[in-house]
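Dock chain B against chain A, hints included.
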Amino acid sequence: MNPSKTSDDELNAIQNIDKIIHEPARLLLMAHLFVVESADFLFLQRQSGLTWGNISSHLRKLENAGYVVVEKEFIDKKPHTTLKLTDKGRKAFKEYRKNMKQVFEDLPE
Amino acid sequence: MNQKINLKEIERKAYTSYHQDGVIDITIAVVILLFSVMMLGDIYLLGSIGGVSGILAVSLYAGLKKLLTVPRIGYVKFPQQRAQRMVAIAVALGTLSALMGLVAVLQTMSQGTPEWLVFLIENYMLTIGTAVAALFLLAGYAFKTKRIYAYALLTLVLFVAGHFIYFPLYYYLTALGIILLACGLFLMIRFVSRYPKTTEAADA
Chain A
1 MNPSKTSDDE LNAIQNIDKI IHEPARLLLM AHLFVVESAD FLFLQRQSGL
51 TWGNISSHLR KLENAGYVVV EKEFIDKKPH TTLKLTDKGR KAFKEYRKNM
101 KQVFEDLPE
Chain B
1001 MNQKINLKEI ERKAYTSYHQ DGVIDITIAV VILLFSVMML GDIYLLGSIG
1051 GVSGILAVSL YAGLKKLLTV PRIGYVKFPQ QRAQRMVAIA VALGTLSALM
1101 GLVAVLQTMS QGTPEWLVFL IENYMLTIGT AVAALFLLAG YAFKTKRIYA
1151 YALLTLVLFV AGHFIYFPLY YYLTALGIIL LACGLFLMIR FVSRYPKTTE
1201 AADA
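Read top to bottom, the protein sequences are chains A and B. Numbering follows our numbering, with no gaps: position 103 of the first sequence is 103. Quick note: to get our numbering, add 1000 to the position in the second sequence (first position is 1).
Next comes chain A alone, as it looks inside the complex:
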């Protein structure tokens, strides 16, 4: 096996890790949105344990990256915000999982 080629592969795998998703709070939010079709702020707050402000700022970054779409609607005359992963976000999360597995695949105990 060529050692330099292996190092290049490893470096590529690490470089391919999506830094937007890699931040722990955003990873948690992405993971929660990945397993549901859509959810609101309160649900994400209850499930993740993150604060309101934290969720808000991280979701803004995810929204700017095109990974999350924020839909505003009125339910019983009250404004309601629903969040869902976009197709791009879903694909990016799957890719992130794959890359992370690849990075740690041969890690010794």
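These are calculated hints, taken from the structure and not from any lab test. Accuracy of the hints is not assured; some may be wrong.
Said to hold, decoys possible - No more than 30 Å apart at the CA atoms, straight line, and that leaves these computed lysine-lysine pairs for DSSO-like:
no., chain 1, residue 1, chain 2, residue 2
1, B, Lys1008, B, Lys1197
2, A, Lys94, B, Lys1144
3, A, Lys61, B, Lys1197
Said to hold, decoys possible - Some chain A residues well away from chain B (every beta-carbon gap over 10 Å; in silico):
no., residue
4, Ile17
5, Asp87
6, Lys101
7, Gln102
8, Val103
A quick note: this is a predicted structure, and the numbers were derived from the prediction, not measured. Glycine residues also receive a C-beta, built at the ideal position from the N, C-alpha and C atoms.
Just chain B now, with coordinates in the frame of chain A:
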């Protein structure tokens, strides 16, 4: 934050926290108790109640969720695949039951009451118990909620007991309804104290 992110665990937690409010238990209990009360009355009334019980169950479930669950735990929409599978199973079971009913009617008309139908009627407690337990299993699968499987087991135990110890059917239905209602109310009280209403706007 936990180092390990387990998607299956996150999904399970999302489902269970959403269904730990006792709403499904109370809804089922109310429908069972309604049937039980109607059995004391006119059998034709029971038939008509059967028709509206579905509408009642859906309205009660949706109303309680909206009033109790969403303001406390938030709104979530789960993927539809499981619900679609459940509808497919329910339709298959309904079709099978309808076919069995049709076969029973045709056989009764041509050859008199068939043996298998006599067997089902004679052992009606076992027949009804199995059917109700099957519905509970279906609901448990649909809502990913283990305690509904326990209700299936409880139903079987009650109705098997009813097969050997004679009391009118509505006694057993009432007992089942009361147990479910008590469980539902307990879960609801626990849910309300665990998740107080948030003062922060849903619009964030």
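Structure-based check of each hint:
The straight-line distance between the Cα atoms of lysine 1008 of chain B and lysine 1197 of chain B is roughly 28 Å, inside the 30 Å bound, and the hint therefore holds. Our distance criterion of 30 Å between C-alpha atoms is met by lysine 94 of chain A and lysine 1144 of chain B, whose separation comes to about 24 Å. Note on lysine 61 of chain A and lysine 1197 of chain B: the hinted pairing holds, with a Cα-Cα distance of about 28 Å set against a maximum of 30 Å. For isoleucine 17 of chain A, the non-interface assignment is confirmed: its Cβ lies about 14 Å from the closest Cβ of chain B, beyond the 10 Å cut-off.
With a least CB separation of 14 Å from chain B, aspartate 87 of chain A remains clear of the 10 Å interface cut-off, as annotated. Every CB of chain B is more than 10 Å from the CB of lysine 101 of chain A (nearest about 12 Å), matching its label as outside the interface. Remark: the non-interface label on glutamine 102 of chain A is consistent with the geometry, its nearest Cβ contact in chain B lying 17 Å away (cut-off 10 Å). Residue-level check passed: valine 103 of chain A sits 15 Å from the nearest beta carbon of chain B, beyond 10 Å.
Consistency with the previously given hints is maintained throughout, with no hint failing.
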